[in-house]
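Peer 1: Residue-level listing of the chains:
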Amino acid sequence: DGGITQSPKYLFRKEGQNVTLSCEQNLNHDAMYWYRQDPGQGLRLIYYSQIVNDFQKGDIAEGYSVSREKKESFPLTVTSAQKNPTAFYLCASAVGAQSYEQYFGPGTRLTVT
Amino acid sequence: DQQVKQNSPSLSVQEGRISILNCDYTNSMFDYFLWYKKYPAEGPTFLISISSIKDKNEDGRFTVFLNKSAKHLSLHIVPSQPGDSAVYFCAASGSGNTPLVFGKGTRLSVIA
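So the sequence lines, in the order shown, correspond to chains A and B.
Residue 68 in the numbering used here sits at position 68 of the first sequence, with consecutive numbering throughout.
In short: position in the second sequence from 1, add 113, done, that's the numbering used here.
A portion of the hints provided could be inaccurate.
Unchecked claim - In the DMTMM-like style, the derived pairs of lysine to aspartate or glutamate whose C-alpha atoms are separated by at most 20 angstroms in a straight line are:
#1 B:K118 x A:E62
#2 B:K181 x A:D30
#3 B:K118 x A:D59
#4 A:K57 x B:D168
#5 B:K169 x A:E24
#6 A:K57 x A:D30
#7 B:K150 x A:D30
#8 B:K184 x B:E155
Said to hold, decoys possible - Chain A residues, not near chain B, derived (Cβ > 12 angstroms throughout):
#9 N18
#10 T20
#11 V52
#12 E69
#13 K83
#14 A92
#15 S99
#16 E101
To be verified - Over 10 angstroms on every C-beta distance to chain B, these chain A residues come out as not near it, computed from the model:
#17 Q6
#18 P8
#19 K9
#20 L11
#21 E15
#22 S22
#23 Q41
#24 R44
#25 I60
#26 E62
#27 K70
#28 P75
#29 A81
#30 L90
#31 Q102
Hints listed in this document are in silico derivations from the structure and should not be mistaken for laboratory results.
By construction, the Cβ of each residue, glycine as well, lies at the ideal position given by its N, Cα and C atoms.
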């Protein structure tokens, strides 16, 4: 059963700690994306990767880092430099960079106190 | 500056009636448009899309209309059902390897 998994569903961290959010896909998609959703803000692009070992900054990359060492995996690290890390984080994938339709994971709700 | 705008944060419709969700865009390079549906605490799911070479695309109860001259698209849901209650995101993309640009979403409530 193909899809995108994000774990955990809920994550709690203390301020000042880095935290890594997992995103795995078994759809054999080349492109992967990280978004952040805040109330009333829609989906804002953090980072995206169109191929293994390559990634680009999105609109709100500051305070975040990513890696793409494997096609199936695109983990997102929320660093202590991110000023407002509490949010709902969504990972998505697409067949390729020029494929418009993106498939989303279930999301991770990160709360930093 | 927002390139994709959904100016209505929320919309309430009676069950069985038509729901019309609107979306405006500013970038004339956008050539493909999508609508996603999102329930709380879940990821968005793809609903319907339209290429800029068309002005209408229909899939069951869902129809998307595109007016390129006005840079406007709309999603019609007929008839509306309580299960349609969700947040709907409009998204757009230009040619090439550009990621989707999303609007802020419209929360649709279908009242039984």
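Peer 1: If a hint holds in the structure, say so; if it doesn't, say that too.
Peer 2: Verification of the hints:
| no. | hint | in the structure |
| --- | --- | --- |
| 1 | B:K118 x A:E62 | violated, 24 angstroms |
| 2 | B:K181 x A:D30 | violated, 31 angstroms |
| 3 | B:K118 x A:D59 | holds, 16 angstroms |
| 4 | A:K57 x B:D168 | violated, 33 angstroms |
| 5 | B:K169 x A:E24 | violated, 35 angstroms |
| 6 | A:K57 x A:D30 | holds, 17 angstroms |
| 7 | B:K150 x A:D30 | violated, 23 angstroms |
| 8 | B:K184 x B:E155 | violated, 30 angstroms |
| 9 | N18 | holds, 24 angstroms |
| 10 | T20 | holds, 19 angstroms |
| 11 | V52 | holds, 15 angstroms |
| 12 | E69 | holds, 21 angstroms |
| 13 | K83 | holds, 21 angstroms |
| 14 | A92 | violated, 8 angstroms |
| 15 | S99 | violated, 10 angstroms |
| 16 | E101 | violated, 6 angstroms |
| 17 | Q6 | violated, 8 angstroms |
| 18 | P8 | holds, 13 angstroms |
| 19 | K9 | violated, 8 angstroms |
| 20 | L11 | holds, 13 angstroms |
| 21 | E15 | holds, 23 angstroms |
| 22 | S22 | holds, 14 angstroms |
| 23 | Q41 | violated, 6 angstroms |
| 24 | R44 | violated, 8 angstroms |
| 25 | I60 | holds, 13 angstroms |
| 26 | E62 | holds, 17 angstroms |
| 27 | K70 | holds, 21 angstroms |
| 28 | P75 | holds, 17 angstroms |
| 29 | A81 | holds, 23 angstroms |
| 30 | L90 | violated, 6 angstroms |
| 31 | Q102 | violated, 6 angstroms |
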